[in-house]
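Participant: What follows is the residue order along each chain.
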Amino acid sequence: MFDDIAAISTPPGEGGIAIIRLSGSGVIKKAAQIFKPRRNQIDIRKKEGYSLTLGWIVDADSEAVDEVLLALMRAPHSYTGEDVVEIHCHGGILPARRCLEVVLSQGFRIAEPGEFTRRAFLNGRLDASQAEAVIEIIRAKSDKSMKLALKQLGGRNSEYIHTLEDRLLELNAMVEASLDFPEEVGELEYNRAQAIMVESMEVIDRLIQSGKRADVYRQGISIAICGKPNVGKSSLLNTLLRKDRAIVTSIPGTTRDIIEEQLIIKGIPVRLMDTAGIHITSDVVEKIGVEKSQEVIAEADLVLFLVDAGDGITSDDLNIYRNIENQNLIILVNKEDLEDKNITKRDMEQYFPGVKVIKVSAKEELGIDKLEDNIEEMVLGGKLQSDDLEIMINLRQREALLRARQHLQDALNELNQVPLDCLGVDIWGALEALGEITGKNLREEVLDRMFSDFCIGK
Amino acid sequence: MIYNAGSYDVIVIGAGHAGCEAALASARMGCETLMITLSMENVALMPCNPSIGGPAKAQLVREIDALGGEMAINVDQSAIQMRVINTGKGPAVQAIRAQCDKHEYHNKMLKTLLNQPRLKIIMAEAEEIETHGGVVSAVITRTGARFSCQAVVITSGTYLKGRIIIGEVMYDGGPGNQFPAVKLSDSLRNLGLELGRFKTGTPPRIYRRSVDFTKMIEQPGDDLPLRFSYMNPRVTRTQYSCWLTHSTAATHKIVMDNLDRAPMFTGVIKGKGPRYCPSFEDKVVRFAHKDSHQIFIEPEGRDTEEMYIQGLNTSLPEDIQVQVLKSIPGLENVAIIRTGYAIEYDYLPPAQLRSSLETRQVEGLFTAGQINGTSGYEEAAAQGLIAGINAALKVQEKEPLILKRSKAFIGVLVDDLITGDIDEPYRLLTSRAEYRLLLRQDNADLRLTEKGRKIGLVSDERWMAYNEKKNILEHEIGVLKEQSYTPADQEMSDFLKSLGSANLKDRISLWELLRRPEIGIQDYIRMGWLNQQDEDILEQLEIQSKYEGYIKKQEEQVRRFEKMESKLIPPDIDYDEIFGLSNEARYKFKQIRPESIGQASRVFGINPADINILLIFLEKKRRK
Numbered sequence: 001m002f003d004d005i006a007a008i009s010t011p012p013g014e015g016g017i018a019i020i021r022l023s024g025s026g027v028i029k030k031a032a033q034i035f036k037p038r039r040n041q042i043d044i045r046k047k048e049g050y051s052l053t054l055g056w057i058v059d060a061d062s063e064a065v066d067e068v069l070l071a072l073m074r075a076p077h078s079y080t081g082e083d084v085v086e087i088h089c090h091g092g093i094l095p096a097r098r099c100l101e102v103v104l105s106q107g108f109r110i111a112e113p114g115e116f117t118r119r120a121f122l123n124g125r126l127d128a129s130q131a132e133a134v135i136e137i138i139r140a141k142s143d144k145s146m147k148l149a150l151k152q153l154g155g156r157n158s159e160y161i162h163t164l165e166d167r168l169l170e171l172n173a174m175v176e177a178s179l180d181f182p183e184e185v186g187e188l189e190y191n192r193a194q195a196i197m198v199e200s201m202e203v204i205d206r207l208i209q210s211g212k213r214a215d216v217y218r219q220g221i222s223i224a225i226c227g228k229p230n231v232g233k234s235s236l237l238n239t240l241l242r243k244d245r246a247i248v249t250s251i252p253g254t255t256r257d258i259i260e261e262q263l264i265i266k267g268i269p270v271r272l273m274d275t276a277g278i279h280i281t282s283d284v285v286e287k288i289g290v291e292k293s294q295e296v297i298a299e300a301d302l303v304l305f306l307v308d309a310g311d312g313i314t315s316d317d318l319n320i321y322r323n324i325e326n327q328n329l330i331i332l333v334n335k336e337d338l339e340d341k342n343i344t345k346r347d348m349e350q351y352f353p354g355v356k357v358i359k360v361s362a363k364e365e366l367g368i369d370k371l372e373d374n375i376e377e378m379v380l381g382g383k384l385q386s387d388d389l390e391i392m393i394n395l396r397q398r399e400a401l402l403r404a405r406q407h408l409q410d411a412l413n414e415l416n417q418v419p420l421d422c423l424g425v426d427i428w429g430a431l432e433a434l435g436e437i438t439g440k441n442l443r444e445e446v447l448d449r450m451f452s453d454f455c456i457g458k
Numbered sequence: 001m002i003y004n005a006g007s008y009d010v011i012v013i014g015a016g017h018a019g020c021e022a023a024l025a026s027a028r029m030g031c032e033t034l035m036i037t038l039s040m041e042n043v044a045l046m047p048c049n050p051s052i053g054g055p056a057k058a059q060l061v062r063e064i065d066a067l068g069g070e071m072a073i074n075v076d077q078s079a080i081q082m083r084v085i086n087t088g089k090g091p092a093v094q095a096i097r098a099q100c101d102k103h104e105y106h107n108k109m110l111k112t113l114l115n116q117p118r119l120k121i122i123m124a125e126a127e128e129i130e131t132h133g134g135v136v137s138a139v140i141t142r143t144g145a146r147f148s149c150q151a152v153v154i155t156s157g158t159y160l161k162g163r164i165i166i167g168e169v170m171y172d173g174g175p176g177n178q179f180p181a182v183k184l185s186d187s188l189r190n191l192g193l194e195l196g197r198f199k200t201g202t203p204p205r206i207y208r209r210s211v212d213f214t215k216m217i218e219q220p221g222d223d224l225p226l227r228f229s230y231m232n233p234r235v236t237r238t239q240y241s242c243w244l245t246h247s248t249a250a251t252h253k254i255v256m257d258n259l260d261r262a263p264m265f266t267g268v269i270k271g272k273g274p275r276y277c278p279s280f281e282d283k284v285v286r287f288a289h290k291d292s293h294q295i296f297i298e299p300e301g302r303d304t305e306e307m308y309i310q311g312l313n314t315s316l317p318e319d320i321q322v323q324v325l326k327s328i329p330g331l332e333n334v335a336i337i338r339t340g341y342a343i344e345y346d347y348l349p350p351a352q353l354r355s356s357l358e359t360r361q362v363e364g365l366f367t368a369g370q371i372n373g374t375s376g377y378e379e380a381a382a383q384g385l386i387a388g389i390n391a392a393l394k395v396q397e398k399e400p401l402i403l404k405r406s407k408a409f410i411g412v413l414v415d416d417l418i419t420g421d422i423d424e425p426y427r428l429l430t431s432r433a434e435y436r437l438l439l440r441q442d443n444a445d446l447r448l449t450e451k452g453r454k455i456g457l458v459s460d461e462r463w464m465a466y467n468e469k470k471n472i473l474e475h476e477i478g479v480l481k482e483q484s485y486t487p488a489d490q491e492m493s494d495f496l497k498s499l500g501s502a503n504l505k506d507r508i509s510l511w512e513l514l515r516r517p518e519i520g521i522q523d524y525i526r527m528g529w530l531n532q533q534d535e536d537i538l539e540q541l542e543i544q545s546k547y548e549g550y551i552k553k554q555e556e557q558v559r560r561f562e563k564m565e566s567k568l569i570p571p572d573i574d575y576d577e578i579f580g581l582s583n584e585a586r587y588k589f590k591q592i593r594p595e596s597i598g599q600a601s602r603v604f605g606i607n608p609a610d611i612n613i614l615l616i617f618l619e620k621k622r623r624k
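Just so you know, the protein sequences line up as chains H and U, in that order. In terms of our numbering, the first sequence opens at residue 1 and continues consecutively. In terms of our numbering, the second sequence opens at residue 1 and continues consecutively.
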């Protein structure tokens with residue numbers, strides 16, 4: 001109840017405005033630190049409630065991050081009943097995210113699922129009869145949060161997290177075993193402890209890096225184009241690019257065997273990926289490419305599956321379909337421009353029941369508008385989501401990782417200077433921060449680890 | 001034939017470490033108290049290692065002392081060796097450990113009990129707890145005596161349906177071949193309480209003169225003047241040594257060859273044993289890659305031939321125990337006085353208790369000690385003290401004493417028991433305390449003596465000594481904070497140079513200067529900046545200044561913690577009424593009935609959404 005909290009309150013996607021909402025007793029003062037009003041004489045700390053002020057959000061180097069309207073509401077006349085500041089920034093995920101990062105640097109915490117509503121209720125701003133509704137919001141958002149958080153941890157990230165958890169458990173078990181069972185365990189092995197701390201910090205750095213890349217990648221929707229070789233995938237990609245290529249700053253350090261482009265389709269940021277043809281192959285190099293493709297496809301929000309109107313449905317097509325049938329799918333029957341077409345509506349219904357089909361010609365740019373309409377419909381219709389929740393979970397995880405890293409750095413700095421019980425405070429702190437990501441009861445796990453790594457007890 | 005044998009305020013069943021603290025506390029707080037014990041000879045018995053203290057446990061003993069309990073005083077009077085554990089690892093984990101003379105410990109405690117006004121002891125077997133309308137009313141013994149009372153504290157240790165197991169031999173018994181308590185468990189079950197089964201064990205005892213000490217490494221005690229109780233002066237004692245030897249590959253082979261006769265592995269023992277006190281055979285099997293384990297030979301008293309073998313806790317058949325011992329360097333010609341054994345016993349899963357240690361099922365019924373599934377004399381004594389205090393407070397119709405996790409290790413202990421999933425005998429470790437740096441062995445009195453005074457357990461003598469110490473401490477801290485020096489000061493620069501410490505950059509007080517690791521309080525005394533005085537004061541000054549930064553960090557964490565602890569949950573809350581709680585949360589909350597939001601969040605398996613929903617529900621109720 002006592003921290004200053006922040007969250008993006010608007011869903012991303014099309015829309016001119018994104019709103020970052022802040023609530024708490026210190027929000028006006030903190031907002032003043034990062035907001036530069038258009039008119040210099042204005043001090044938002046003195047502004048009345050219900051006021052709007054034009055200006056910029058500035059970062060630590062006083063660089064403008066975005067031009068915004070700052071709305072101020074003073075307690076108790078606000079949504080939560082506390083002081084509330086709303087930063088109205090440009091729509092789209094990137095500006096909102098950048099503003100939120102600047103906000104967080106001022107000592108805000110990311111709001112828990114349903115927290116604004118919870119505070120509103122606890123401060124008497126919502127009626128007792130609305131309590132159930134509040135609870136529903138909390139429950140739904142929190143369950144969804146957990147699912148999204150787990151999803152975010154999938155893939156390579158989950159390996160890193162596991163490694164990190166294992167190392168930190170080992171480290172904590174070493175320290176606690178030495179403190180609680182000094183006679184069996186003896187002194188802490190400082191060299192090993194130091195090595196673990198250094199290694200853990202490296203893993204955290206890698207996680208944060210990969211998180212940064214993933215952030216950029218997670219802007220908007222990811223669409224994978226797949227289909228057998230020569231069905232026209234690259235052609236389609238190029239056609240879409242000619243129409244909708246996005247201007248983005250370059251993303252450092254990414255190499256993948258997948259061709260990937262950033263587009264804006266009807267205002268929606270899209271990552272379009274052309275995958276290597278999926279087919280059975282015994283060639284090792286090709287196999288790796290195929291595996292990567294499969295990974296990309298599995299993680300895609302939407303799959304565009306191309307089939308060749310001229311060839312008809314082949315067994316290759318069916319093999320590919322088997323891999324993707326559980327995803328959000330649009331089938332594009334390419335080469336609509338051909339005279340001789342060998343796919344009928346009945347074929348579609350027979351092989352791919354219930355799936356949306358669009359006839360296109362990448363070469364002749366036929367059917368592309370219809371494709372774009374369908375994509376837009378899927379996003380706005382809620383079928384595809386890149387959620388505000390997802391971004392915040394991502395930021396929350398990053399926050400926790402940075403805290404863990406700071407604890408480890410502090411511990412390294414103090415390693416030979418403070419006694420073990422003080423060191424233990426930071427070593428435990430690192431594990432606790434990690435625990436916010438994995439959500440585990442770590443105290444018990446440290447004990448378990450202690451008893452399995454060391455032969456203690458008389 | 002049941003007859004009325006008298007009326008008391010509080011009855012304590014059991015005279016082990018928990019029972020002694022409970023009975024003394026209750027009597028000293030003004031309640032007429034009866035203590036029922038199966039045997040006078042086993043009052044304050046140490047059935048296992050005759051040692052008290054060590055990490056986490058020393059903190060408990062100090063806290064018991066600060067509140068006005070007895071253990072610390074009794075240890076000081078019967079210790080034959082005292083050492084400090086974890087020196088150099090920081091003040092939060094430093095702990096005194098004492099080896100005691102087993103018989104002296106018992107004698108001294110018995111004497112204290114027998115001379116305590118308002119306390120009577122009777123040797124009998126309590127069989128039944130009588131209740132009226134869910135409230136305790138009397139205790140009935142095997143020989144027909146009915147003692148009426150307002151509160152009962154059960155501290156029956158490992159006696160409830162105790163079963164001794166040595167290899168293939170099994171018989172009903174309490175520790176040390178005493179009678180077990182057979183009927184009391186049944187009475188508890190009839191009252192609606194659930195019981196589980198645990199096991200613990202003890203090693204053989206051997207003749208001192210049959211040991212070849214030349215094959216072992218001597219471990220003498222410290223020469224430092226030490227003591228547990230704040231009321232006793234620090235003294236050096238004649239130190240009695242312990243000896244270190246180890247098991248060998250041959251020893252392990254004997255164990256492995258006979259696993260089919262070892263009750264730990266044949267499934268005969270059903271009760272769960274503690275991880276950190278594994279039997280020797282358990283160790284050999286689980287850590288098979290280790291070709292030797294440490295074994296300590298410890299004297300059980302000043303003047304006795306009996307030696308205790310630490311590390312050889314076992315329930316192997318007797319003939320195998322002999323073989324095992326003889327394979328250990330120094331014990332080739334050993335003569336056994338007592339065989340090692342495992343003991344299985346009934347315990348009461350403590351989720352059934354409130355934080356006051358009163359059972360939720362039966363009003364006025366308290367349980368403390370190993371019956372709650374803990375292990376260790378210190379853990380038992382701490383619980384006994386709390387249960388005795390709260391039984392007395394209940395009789396006096398006052399609010400119970402509940403210590404928070406942020407205030408005492410005793411608080412950590414009780415809270416862990418109430419909220420946790422106790423599926424093996426629980427032992428306190430410093431790592432269980434989130435605020436370890438604040439709950440130190442050295443500041444127990446500063447944390448607890450005032451509380452002890454409020455409830456009437458702290459004597460005038462102790463109270464005066466405490467206040468004097470507090471005043472002197474405040475004064476000396478003031479002195480150190482006021483005296484400051486600048487970089488220009490010659491005396492100071494010379495002083496710093498002599499200790500290899502960097503010169504000052506700004507004005508700094510003596511208090512802040514102490515933060516530097518190379519500077520100690522004795523240096524200040526040498527320079528005449530501080531007077532020589534009581535060890536305790538000097539220790540506090542040094543610790544509080546050097547760890548001020550960390551202490552402040554933890555105090556900030558405590559502030560947030562206590563806010564959640566003070567959000568109380570009404571005891572009559574109906575969890576079935578709460579919309580949106582996960583099924584797991586609903587089940588656990590109904591079972592454990594947490595007393596505050598803070599405690600609710602600690603219940604095993606609860607997630608933050610459940611807590612938030614609970615908060616909303618409580619607020620909604622509040623408004624009605």
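Among the hints, a few may not be true.
To be verified - If you anchor each label on the Cβ, the simulated ranges turn out as follows: (1) U:LEU224 x H:GLU101: 24 to 34 Å; (2) U:GLN522 x H:GLU159: 27 to 37 Å; (3) U:ILE217 x H:GLU189: 14 to 24 Å; (4) U:ARG516 x H:SER158: 37 to 47 Å; (5) U:ARG286 x H:SER105: 15 to 25 Å; (6) H:GLU101 x U:ASP489: 15 to 25 Å; (7) U:LYS552 x H:LEU52: 15 to 25 Å; (8) U:GLU556 x H:ALA140: 58 to 68 Å; (9) U:SER566 x H:ALA140: 39 to 49 Å; (10) U:GLN361 x H:SER105: 51 to 61 Å; (11) H:THR10 x U:SER566: 30 to 40 Å; (12) U:ASN177 x H:ARG192: 43 to 53 Å; (13) U:LYS552 x H:SER158: 51 to 61 Å.
Claimed, not checked - Calculated pairs, DSBU-like style, for lysine-lysine (alpha carbon to alpha carbon, straight line, at most 30 Å): (14) U:LYS183 x H:LYS30; (15) U:LYS567 x H:LYS141; (16) U:LYS290 x H:LYS30; (17) H:LYS29 x U:LYS552; (18) U:LYS505 x H:LYS29; (19) U:LYS553 x H:LYS29; (20) U:LYS505 x U:LYS470; (21) U:LYS620 x H:LYS141.
Bear in mind the hints are in silico, worked out from the structure with no lab data behind them. By construction, the Cβ of each residue, glycine as well, lies at the ideal position given by its N, Cα and C atoms.
Participant: Any hints this thing doesn't respect? Which numbers, in order?
Facilitator: 1, 2, 5, 6, 7, 8, 9, 13, 14, 16, 18 and 20
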